[in-house]
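Protein chains in written order, with full-length UniProt numbering: chain A, 1 to 436; chain B, 1 to 436; chain C, 1 to 436; chain D, 1 to 436.
Source of the hints: derived by calculation from the structure; they are not laboratory data. All clues stand as given, with none of them false.
With a Cα cut of at most 25 Å, we get these calculated BS3-like pairs of lysine-lysine:
1) B/Lys350 / D/Lys350
2) C/Lys346 / A/Lys350
3) B/Lys350 / D/Lys390
4) B/Lys346 / B/Lys336
4 protein chains.
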Amino acid sequence: MIPRYARPEMTAIWEPATRFRIWFEIEAHACDAMAELGVIPRENAEAVWKAKDVEFDVVRIDEIEAVTKHDVIAFLTHLAEHVGSEQARFVHQGMTSSDVLDTCLNVQLTRAADILLADLDRVLAALKRRAYEHKDTVRIGRSHGIHAEPTTMGLTFARFYAEMDRNRARLRAARAEIATGAISGAVGTFANIDPRVEDHVCKMLGLSPEPISTQVIPRDRHAMFFATLGVIASSIENIAIEVRHMQRTEVLEAEEFFSAGQKGSSAMPHKRNPVLTENLTGLARLVRMAVIPAMENVALWHERDISHSSVERGIAPDATVTLDFALNRLAGVIDKLVIYPENMLKNMNKFRGLVMSQRVLLALTQAGVSREDAYRLVQRNAMKVWEEGKDFREELLADPEVTAALSPAEIDEKFDLGYHTKHVETIFARVFGAPA
Amino acid sequence: MIPRYARPEMTAIWEPATRFRIWFEIEAHACDAMAELGVIPRENAEAVWKAKDVEFDVVRIDEIEAVTKHDVIAFLTHLAEHVGSEQARFVHQGMTSSDVLDTCLNVQLTRAADILLADLDRVLAALKRRAYEHKDTVRIGRSHGIHAEPTTMGLTFARFYAEMDRNRARLRAARAEIATGAISGAVGTFANIDPRVEDHVCKMLGLSPEPISTQVIPRDRHAMFFATLGVIASSIENIAIEVRHMQRTEVLEAEEFFSAGQKGSSAMPHKRNPVLTENLTGLARLVRMAVIPAMENVALWHERDISHSSVERGIAPDATVTLDFALNRLAGVIDKLVIYPENMLKNMNKFRGLVMSQRVLLALTQAGVSREDAYRLVQRNAMKVWEEGKDFREELLADPEVTAALSPAEIDEKFDLGYHTKHVETIFARVFGAPA
Amino acid sequence: MIPRYARPEMTAIWEPATRFRIWFEIEAHACDAMAELGVIPRENAEAVWKAKDVEFDVVRIDEIEAVTKHDVIAFLTHLAEHVGSEQARFVHQGMTSSDVLDTCLNVQLTRAADILLADLDRVLAALKRRAYEHKDTVRIGRSHGIHAEPTTMGLTFARFYAEMDRNRARLRAARAEIATGAISGAVGTFANIDPRVEDHVCKMLGLSPEPISTQVIPRDRHAMFFATLGVIASSIENIAIEVRHMQRTEVLEAEEFFSAGQKGSSAMPHKRNPVLTENLTGLARLVRMAVIPAMENVALWHERDISHSSVERGIAPDATVTLDFALNRLAGVIDKLVIYPENMLKNMNKFRGLVMSQRVLLALTQAGVSREDAYRLVQRNAMKVWEEGKDFREELLADPEVTAALSPAEIDEKFDLGYHTKHVETIFARVFGAPA
Amino acid sequence: MIPRYARPEMTAIWEPATRFRIWFEIEAHACDAMAELGVIPRENAEAVWKAKDVEFDVVRIDEIEAVTKHDVIAFLTHLAEHVGSEQARFVHQGMTSSDVLDTCLNVQLTRAADILLADLDRVLAALKRRAYEHKDTVRIGRSHGIHAEPTTMGLTFARFYAEMDRNRARLRAARAEIATGAISGAVGTFANIDPRVEDHVCKMLGLSPEPISTQVIPRDRHAMFFATLGVIASSIENIAIEVRHMQRTEVLEAEEFFSAGQKGSSAMPHKRNPVLTENLTGLARLVRMAVIPAMENVALWHERDISHSSVERGIAPDATVTLDFALNRLAGVIDKLVIYPENMLKNMNKFRGLVMSQRVLLALTQAGVSREDAYRLVQRNAMKVWEEGKDFREELLADPEVTAALSPAEIDEKFDLGYHTKHVETIFARVFGAPA
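If we strip away everything but chain A, and leave its shape as in the complex, we get:
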């Protein structure tokens, strides 16, 4: 976790205090269920809730752990210091540490997922707003970095919206993957604890009981979760790369918002660097690097080994905190992106109409000219534009072989931008639902 790329709401999930709070809730709810089942006295269960509002002493727990070398035992010892060791004697009965640890991790991950879902909503709102704002802002579409045909800036925002909306659906599915809990004992047989305890604890924490666990909740769930974060990160990179391209000096179709305080802004007005989206490009790599370790974590030995644990201590906070930061930064970038429509037009006209050559080619063919001839006609006029800086339309209008096949009005029509934007409304309806 890199402090400068972290937001407090998400980091709070991963602080020791939060973890101990969740551990407490798991243990206390488990006691309730055991009391309800008559396995332990009700008063002992009730006594545990005395610690409900206690702020657990992280330093003290660490001290105990330094001796016991076992985090859950250290916590339980500390809990007994609050509840009284006599009253606390049934806490954790029949449970194994992993029941607490794994259920807690999934509570943390679901909370993280909820924040990320809200982040995505922020990104989606910004994208939608900018899409409608620039629905008809024409710019050149590019394949291979080379001018192809006109499109609109709104379509660019709209496709990022559609991509992020898919990511939202994926993240919801990924959240469901890890929204399970397990209180099933040392090897998952419920030998020392009734399955109904698991039911109760999960219900109270908003989780589903894991249908079959071993000592641990199976890690294919977590692999899927982190893989999904990796896909979302890749989409962030996708948008970031687009912005970076738009801001490069020769293109300059957009710029990241540049706050007044930032040094160098106006003495070198050409030197406004797309540092936020470059940063997002790197952050995407950081999120993505959790994917393979999470997959390597799936194959545990028999009913569990603990190799996954250190990995998760790293990637669970790191990937969620980084992605949360990145999505928020992205929302800001989109929201405040400065768009330069006039530069878009200037860029489109860089080669004086040449981007329309394909349409002219098609029109000639449709007018009955053979493919070979059409190609030759387009080519000879195109080369005048390319080599001599002429205007494509004017050359076509002056070429008798062309005008023999196409009327001046027909030629003009080939340069009409409306031709390229006529389905924007249709596409927007596909992406955003009925026209706004």
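Fit chains B, C and D to the known structure of chain A by using the hints.
For chains B, C and D alone, kept in the frame of chain A given last:
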């Protein structure tokens, strides 16, 4: 694609002939739609279907491509050789190569997904059968590779079933991700083609129209698809590792089926190597390595660059072919796995009852002995087992401090395996539905 | 291995025939050594060499393997068919299959490394030639995609040269990593074979004896090898990205060579796509994906498990073949890259001298103007350029506060490109040695 | 960076205070060089060194950065607060932020490498000591987890030594990769700074001048560095997996040292979990996950983009801190590993001599028995061992067909462990140099 790890049904999807066949269908259906819309003459559309049963000449197409350096144009040229160039003149009109290529790739991936779903069904069937067969076959559960508490072999199979069943659901979702098509032109604006052509082609090919495409179908879809294959591969590794552990000489609780012809089988009967599951461990890595490149493919420049293409030429066949082979190999391994229940019992008793020490500890505590005393009592008897090879139960029965707290019957009960298997039925019902 | 991204020289290394040829040599040399040591009769060793010029029948060996399920035994059986089973009886004596397989793999990898080294030489030669050709071709240096200060195209080529030269050194080190052989028996103890056999075989094959092996040669060596290929691939991507940027429509400082036959070249002269470097970007990902599996292969169980084998059957040919192809494609791209110096100048002047603002700022400070004032002076003139399209130098010359600090000659000097290129010679000497 | 997996010596390298200290040294040495060259007054250079023993105020610098949004400018502002802004006016002259940042990063990485090299020495010392201690401790070698032939525990330690020794050589090479500095200005042309400043700064910091840089030091160097850490991590995993296997209940040939304070140690003496090596397995994944992002960092846009920066803020501390911790943990594990030679013998004899079947097979062949017959003879006696629990040697001695070919002494000799250990000395000499 490694021939020895490939099955013909899956490799067929990736052969040039299949690709050309799908290209043909895309083009022919597009012509139909254009004819229906009155954009091209119906007879030209009908003429294209003359090539319906033609086996396209892969070598010939390659020759043309060697000249044109463009695969789709090479194919169209060859198609015109069959249909007649006059009749074929409207084929591909208003479309861009990627309309054909991307839609085709997704047809191939959905077909691959269908085979993989059938593979998973085979794996699931084998796991379910073996789970019920060994529902009550007791063996020791292990955490950290160390004996913990008893479980059953059936539970092991059942949890793999549950994991693979999740994978089935994931794969269905992943299939839906890539079951889209796009016929939207050079930059996705439908400038030269009506969106209804896309609708028709997609419908005929069992795809959904991509709501918003550029020149290409967005690659976050494919990233999610390959990420899902990576998770499934990791689950294969998980099962493979379990089998390899069970087969190791000192454990020998199971063996891969060993066919009669395999050299060395009986002169060295101890030397039956779990080569199939070791192989599956490696194949899992091969599938998984597609995940990161697929994510790196998401960020394309503007409306597309072609960097993703070579990656997909590699990973699309490789990952699907390898996973298909691995799932089938896995189904066979599970189906024919030789289980040794007597060795399971022998292993469990290796330390003469010591695995029950936790239960005894708990019983003493519940009988009113303090935690510290209970621990001391268990410890001193455990050490006799550990160091002198005594039997744990007998030592406990001979320890007056223990018998002061627990009756012989109560002590005996702690060694009853039924205690550990009492919820197997419940767990099976969770995994497989109502009890069989 | 993707046929279209493969060169015959490299693929030949990975063909079964090559593998069997190397196996033969290992076995035959081992027999020689055993004969020399008096372990087997010399005539039997000599008899084996009868197969020296035999072209082994791959199909036949496959047939035998189908029965024995063991590739080395299948080969030995086939070899005996040529040598005579009586004469061949001592072949492979005291050896284990892995002695043959692992030593063979390393022979193949060293051969692959030799080809890759030659490829790198080709890339280096092209880079050096183009570096000197464009040593003084000025273009704007860019950070963050934004114009910064002038540099030269020769420096760009020179830094790619330096990077590839480091890769050459790395590859030589990586080659040494895997240039070892092992003939050490079932668990590496030389129980059944004299270490001197290993010495002899390795010497004849150009390898070093592995100081300590188990059944296999340790896989950290191969991990290092593939990691190095991954770094080289990343450098290819680095160069490819540069070319792609230079070719994008708005920049157009260079273009990949475009052969006459390629469709669309001149009817859409603006539409020359950098498909080769886009392809290289993807190929880099394909090579890189071998790295993690190769590292996962390091941890084998005890004296070996065979999980690494399937991985290597994939990545060894795939990564070397793809990298070989990529390096050759890269050499061609560099060699034939069309450079547009005039466009470089045009781009540099896009903002009429603004890129010199930093120099002016520095000059004002050095002339005794306070930082704050210097900044203000530069800023107000820069904004006139930025917002009103004025020329930066002219504005400075007309600003009395500026001219109070700097003479016209001093101002002019700030716009002298020679200022930026004065150390090019020095840098070239660092990269290429003494000035050429 | 996960606090529990971090050692203070390594984390100190990555603290802000260390970074600012290095920045100071770079700036101060640069001033010295500039004064020496007559570019700035000597007194200003000397004045900078007034801050030599200042402890920079990290909080204050952060405050300034919050306004300037530029870390180096914030530091320089703070430095001026100590040196006096008049005196400090020439600090950083002609330099670019990256000159400071990149050179600093490489200073940090070389320091990290030095600690890691010392760590490796600790691991090597432990491995060597244990290798000699158990040079002749016989245990069964295993392939595929199945008993193969005897080897010794010393050979196991020796091969890990050889592997870690290779890692040491790799790390030294990797250290050299990133031991460069650059003070070359905005795009690497030395436009505003003399190359001799770079020479001086690098010399004072123990670095080599980067032969050709852009705004940044090329990232192929860092990719190679992190790739090397990934290989080392994989070797850690290799050793960790071996220990985990040795400790599993059914094998129990070794145990991690278990300190007295750890709960559960003696009440469940069978339940000593190899948690340290399981942890190392996970830590290896954490280190390895830096490799791909480091490779993705190589391809920067033109003279630099800043996408690599956030990645390095993560992986540079994380990978070095984690690897440092892991190597030290590993050294401790090896040092204190409890070895059980008697269990090794017990395991070896699990199948009463069957592991010698291969030797017997070979002996029969060498005694003139045909392969087929030899196989049959071994097989029928092996099956009695396998199925009826007989002793292999006794069965052979009682089989007249066997004794017809081999004398009792010859049969006995096949079960002599000395046969398998006769080359241990030779191998040790290869690994450790002349026999100790």
